[in-house]
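From first to last, the protein sequence lines are chains U and E.
Going by our numbering, the first residue of the first sequence is number 26, and it counts up by one from there.
Going by our numbering, the first residue of the second sequence is number 26, and it counts up by one from there.
For the record, the hints were derived by calculation from the structure and aren't laboratory data.
Note that the structure is predicted; figures quoted are calculated from it, not measured.
One thing to keep in mind: the hints can contain errors.
Note: identical chains are not told apart, hence a pair may lie in one copy or across any two.
As the list claims (entries may be wrong) - As a list, the in silico BS3-like pairs of lysine-lysine whose alpha-carbon atoms are at most 30 Å apart:
#: 1; residue 1: Lys137; residue 2: Lys27
#: 2; residue 1: Lys96; residue 2: Lys109
#: 3; residue 1: Lys120; residue 2: Lys27
#: 4; residue 1: Lys120; residue 2: Lys135
#: 5; residue 1: Lys120; residue 2: Lys96
#: 6; residue 1: Lys120; residue 2: Lys63
#: 7; residue 1: Lys279; residue 2: Lys27
#: 8; residue 1: Lys173; residue 2: Lys109
#: 9; residue 1: Lys120; residue 2: Lys137
#: 10; residue 1: Lys174; residue 2: Lys27
#: 11; residue 1: Lys137; residue 2: Lys174
#: 12; residue 1: Lys63; residue 2: Lys162
#: 13; residue 1: Lys279; residue 2: Lys63
#: 14; residue 1: Lys63; residue 2: Lys174
#: 15; residue 1: Lys109; residue 2: Lys174
#: 16; residue 1: Lys96; residue 2: Lys27
#: 17; residue 1: Lys279; residue 2: Lys162
#: 18; residue 1: Lys96; residue 2: Lys63
#: 19; residue 1: Lys27; residue 2: Lys173
#: 20; residue 1: Lys63; residue 2: Lys173
#: 21; residue 1: Lys109; residue 2: Lys162
#: 22; residue 1: Lys27; residue 2: Lys162
Protein chains: 2
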Amino acid sequence: MKPVIVVHGGAGRIFKEREEGCRAGVVRAALQGYTVLKQGGSAIDAVEEAVRSMEDDPHFNAGCGSVLNEKGEVEMDAIIMDGKNLNSGAVSAVKCIANPIKLARLVMEKTKHMLLTDHGAHLFAQTMGIPEVPGEKLITQRSRERWKKNLEPDSNPEEFQKDLGTVGAVAIDSEGNVACATSTGGLSNKLIGRVGDTACIGSGGYADNHSGATSTTGHGESIMKVVLARLILYHMEQGMSPEVAADTALDYMKDTSRGFGGCYCCQQAGEWAARFLHQADVLGYCRG
Amino acid sequence: MKPVIVVHGGAGRIFKEREEGCRAGVVRAALQGYTVLKQGGSAIDAVEEAVRSMEDDPHFNAGCGSVLNEKGEVEMDAIIMDGKNLNSGAVSAVKCIANPIKLARLVMEKTKHMLLTDHGAHLFAQTMGIPEVPGEKLITQRSRERWKKNLEPDSNPEEFQKDLGTVGAVAIDSEGNVACATSTGGLSNKLIGRVGDTACIGSGGYADNHSGATSTTGHGESIMKVVLARLILYHMEQGMSPEVAADTALDYMKDTSRGFGGCYCCQQAGEWAARFLHQADVLGYCRG
């Protein structure tokens, strides 16, 4: 089977000054993930590598470059899921961790659990020998400025939010296994401890060889409301193509909430789709 | 429409010494929730009241009586969802809170978010004027003994776990609105910061007037793996009765993991089902 990886850098519009960096970042991430696949690596290794690449890239709202919470700190969520066996791992509200997606993978592989949060996730990171980075290292000037602007009395954080979003990837490897990974800094100026769709299995991502893999991006609370990733795969299980399934689920989300968002899905046969409401997205893909 | 409430006190076997207290507790909770419905209250008020009643009852693994984490502390998750508008609120890994279900309801009503975790959830509780209770107040002698036994080298925490489970309720009010609520102390001797199915929308519960309401109980990681609550309602949307939908979803869960569990679901027309794998459950219901 020819391997495929589809990588996204968040739903919503892209401001001009970010466009070049974002496009280069998703292409780089797609190529890095695809290199894993070409060398015979698994889908789950590939999506982890692609998301790790975007977490390290300050252009995206994940890892370094994440938006800040109400207190001016980075707090991140991430999930990874293997469609071969439905195993998954996730972390929520983690700080001072360079690559939440790697920590999520360790939750999946080294614990009996699927989601570790906040303080406990940090204790686990210590046990795994993952060093904490100074919180400042994850904060870009852009994030700080946005946070300050959002504190102004006439600010419109929701409007601002629309140029940012979760990063993620879906992949199919040469053995026909699918996987997804999603990582985010969440919503600008969110309450401390707010967990969005990304850490919740079925909302921020889902992968099952029998149907496909999906990673979602956009307004987390709207995505959670309809458990978007799982909904798309239900539609695919009923025989819809990835494109029709994604559009049907996104239309339903639009009807039930005012949230914006998008999704990226693939199925074992190699077919994939990237669909979104309202705004364009930054997207990269590689196909064998 | 005649109101209905179905209340559960956890999947799994019930040890003899707990049987009487558990049965009395679910009946009391069902009656308290039903009183809300009979007085013209909403389904969401009724499920909150029923779950609050079981959180206050030391016989159940929620609120006072919760199992302890690896450090010997109570850490709880809870979710509430209104089928009328798909609004929901949840908290994860909260300590020193007598009624996590009330905090979840406040997340739903007083924030733009749907899930607050750990430290941030406590800050929010303070803002809402919810007093912290001493951690010891939530710990029963039984929980402490179980925790200690699980620390012994030849212990079998998973076997022990089977006599405990999440508590929850589903209801239909006189206007035909459905709602669900679920609350839990999680898994005995879990890692600090472990979040289970209860806090994850679609896994621990889901409610939608167009299909129905579900609350789940059992081994959290197995429930999350299949996003159980949403899966049951998806089957009901396809025309299955609550009973057949629940059995189909639970059989699928059994096939994909070794976890035990159960679920409680109802639909707008008033039909309801309580189904479980392997073990009997404590269950109460009232119907107008």
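Hints, verified against the model:
1. Lys137 to Lys27: Close neither inside one copy (33 Å) nor across copies (43 Å); limit 30 Å.
2. Lys96 to Lys109: neither (40 Å within a copy, 34 Å between copies)
3. Lys120 to Lys27: So Lys120 and Lys27 fail the 30 Å test inside a copy (38 Å) and across (49 Å) alike.
4. Lys120 to Lys135: both (20 Å within a copy, 25 Å between copies)
5. Lys120 to Lys96: Answer is both: 12 Å inside a copy and 22 Å across each meet the 30 Å cutoff.
6. Lys120 to Lys63: neither (33 Å within a copy, 47 Å between copies)
7. Lys279 to Lys27: neither (34 Å within a copy, 32 Å between copies)
8. Lys173 to Lys109: Cα proximity of Lys173 and Lys109: none, with 44 Å in one copy and 37 Å across.
9. Lys120 to Lys137: both (23 Å within a copy, 22 Å between copies)
10. Lys174 to Lys27: neither (47 Å within a copy, 52 Å between copies)
11. Lys137 to Lys174: between (42 Å within a copy, 19 Å between copies)
12. Lys63 to Lys162: neither (33 Å within a copy, 57 Å between copies)
13. Lys279 to Lys63: Neither way: Lys279 and Lys63 sit 38 Å apart in one copy and 35 Å across, limit 30 Å.
14. Lys63 to Lys174: neither (44 Å within a copy, 50 Å between copies)
15. Lys109 to Lys174: neither (45 Å within a copy, 36 Å between copies)
16. Lys96 to Lys27: neither (46 Å within a copy, 48 Å between copies)
17. Lys279 to Lys162: Neither way: Lys279 and Lys162 sit 36 Å apart in one copy and 45 Å across, limit 30 Å.
18. Lys96 to Lys63: The answer is neither: 43 Å in one copy and 45 Å across copies each exceed 30 Å.
19. Lys27 to Lys173: Neither. Shortest intra-copy (47 Å) and inter-copy (52 Å) distances fail the 30 Å Cα cut-off.
20. Lys63 to Lys173: neither (44 Å within a copy, 50 Å between copies)
21. Lys109 to Lys162: Classified as neither; 36 Å inside a copy, 44 Å across copies.
22. Lys27 to Lys162: Intra 38 Å, inter 58 Å, cutoff 30 Å: neither.
Hints 1, 2, 3, 6, 7, 8, 10, 12, 13, 14, 15, 16, 17, 18, 19, 20, 21 and 22, counting from the list given before, are not met by this structure.
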